[in-house]
Amino acid sequence: MRFGFGGKKTTQDYVNYINKDLVWSKVSGGLTMTGTGAKIADTQVFPYDSPLNARPNIADIVLLITDGKPKGQKRCCELENALKHTSSMKNKSILIIGIVVGKPLVRMTFNHTILKMASSNSTLFNCDFLHLDKILDQLINASCTSLKSECICQSTRTLDYVNPNCPCGTKSVTWMEPKPTCPGQQIVRNTIQPNIKPGASFGVGNHSILYSYNMTSGINVQCTAAIEVKVVPCQSVPYNPATHMCCSGELHSIKPHYKCCGRGEYNFRVEKCCSLNSNIVGWSDICPGDDSISV
Numbered sequence: 001m002r003f004g005f006g007g008k009k010t011t012q013d014y015v016n017y018i019n020k021d022l023v024w025s026k027v028s029g030g031l032t033m034t035g036t037g038a039k040i041a042d043t044q045v046f047p048y049d050s051p052l053n054a055r056p057n058i059a060d061i062v063l064l065i066t067d068g069k070p071k072g073q074k075r076c077c078e079l080e081n082a083l084k085h086t087s088s089m090k091n092k093s094i095l096i097i098g099i100v101v102g103k104p105l106v107r108m109t110f111n112h113t114i115l116k117m118a119s120s121n122s123t124l125f126n127c128d129f130l131h132l133d134k135i136l137d138q139l140i141n142a143s144c145t146s147l148k149s150e151c152i153c154q155s156t157r158t159l160d161y162v163n164p165n166c167p168c169g170t171k172s173v174t175w176m177e178p179k180p181t182c183p184g185q186q187i188v189r190n191t192i193q194p195n196i197k198p199g200a201s202f203g204v205g206n207h208s209i210l211y212s213y214n215m216t217s218g219i220n221v222q223c224t225a226a227i228e229v230k231v232v233p234c235q236s237v238p239y240n241p242a243t244h245m246c247c248s249g250e251l252h253s254i255k256p257h258y259k260c261c262g263r264g265e266y267n268f269r270v271e272k273c274c275s276l277n278s279n280i281v282g283w284s285d286i287c288p289g290d291d292s293i294s295v
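Residue numbers for the sequence shown follow the working numbering, beginning at 1 and rising by one.
It cannot be assumed that every hint is accurate.
List time: in silico DSS-like cross-link candidates among lysine-lysine, alpha-carbon distance up to 30 Å [as the list claims (entries may be wrong)]: (1) K71 <-> K92; (2) K179 <-> K116; (3) K179 <-> K69; (4) K171 <-> K255; (5) K84 <-> K197.
No lab work stands behind these hints: they were computed from the structure.
Construct the complete structure from the given sequences, taking the supplied hints into account.
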């Protein structure tokens with residue numbers, strides 16, 4: 001639905017619009033963009049933990065009213081985005097009240113989907129279009145409580161460093177897998193995207209692993225494990241060991257058959273590095289002042 005509230009300034013402007021212009025033919029649409037709306041609410045309206053977004057002493061509340069399962073112009077990703085961003089808001093202690101409206105047989109087809117987005121069973125309501133006023137008191141009672149999401153899943157963050165001498169430029173990282181805290185509930189099913197476990201290898205950069213948990217109450221809880229991989233700087237200059245090597249503080253591009261020798265590099269197929277003074281000489285030559293070699 002599309003409501004034209006943007007140009008209204010006074011109370012009377014709103015009253016006139018609601019009484020005269022707010023008709024179904026003008027506000028109805030052909031899609032159910034729940035995921036788009038949830039993303040806006042999560043990232044723009046309520047980007048912080050409740051109650052830090054607007055009034056610091058008033059809890060943040062989202063009223064999710066819909067007459068159908070999330071459906072956009074494409075096959076994805078309205079439902080995926082709706083579950084992702086409602087879960088994110090619940091993790092920020094934002095209360096989500098779901099209202100499933102429409103004919104009883106239609107409501108049955110998507111009630112379980114909206115239950116995953118609401119904060120709990122007690123904050124999900126069913127009603128037909130003509131009797132929304134009959135659940136008004138229930139909505140007020142649910143909204144005016146200090147109820148927080150029944151499930152909280154704290155995301156984790158891990159920082160690790162690639163060994164500068166690692167030829168592949170990756171690092172095996174161990175991290176703490178986030179788990180939901182849901183009193184009186186159990187995990188029915190969980191998925192991990194991508195499907196990897198602690199100890200997996202990562203290249204230099206930022207990486208995110210999404211954990212999704214379906215609980216016995218029917219709600220879905222999501223949280224992430226954020227992983228950042230850095231490299232030990234070479235003379236305070238960060239670099240990627242997959243493409244460069246640090247030779248005693250001097251950066252060199254990686255080339256086939258080359259190794260470090262002091263601050264320089266040498267082709268170990270035709271040259272040798274003198275261990276005493278890091279001189280580079282041919283294989284048939286003798287290192288100055290040192291008969292030992294390092295290959």
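Here's how the hints hold up against the structure:
Pair hint K71 plus K92 holds up; C-alpha atoms about 25 Å apart against a cutoff of 30 Å. Under the criterion of a C-alpha separation no larger than 30 Å, the hint pairing K179 with K116 is consistent with the structure, at around 17 Å. With a CA separation close to 28 Å, the supplied pair K179 and K69 stays within the 30 Å bound. About 21 Å separates the Cα atoms of K171 and K255, which keeps this hinted pair within 30 Å; it holds.
Under the criterion of a C-alpha separation no larger than 30 Å, the hint pairing K84 with K197 is consistent with the structure, at around 21 Å.
Figure legend: structure checked against the earlier numbered hints; every hint is met.
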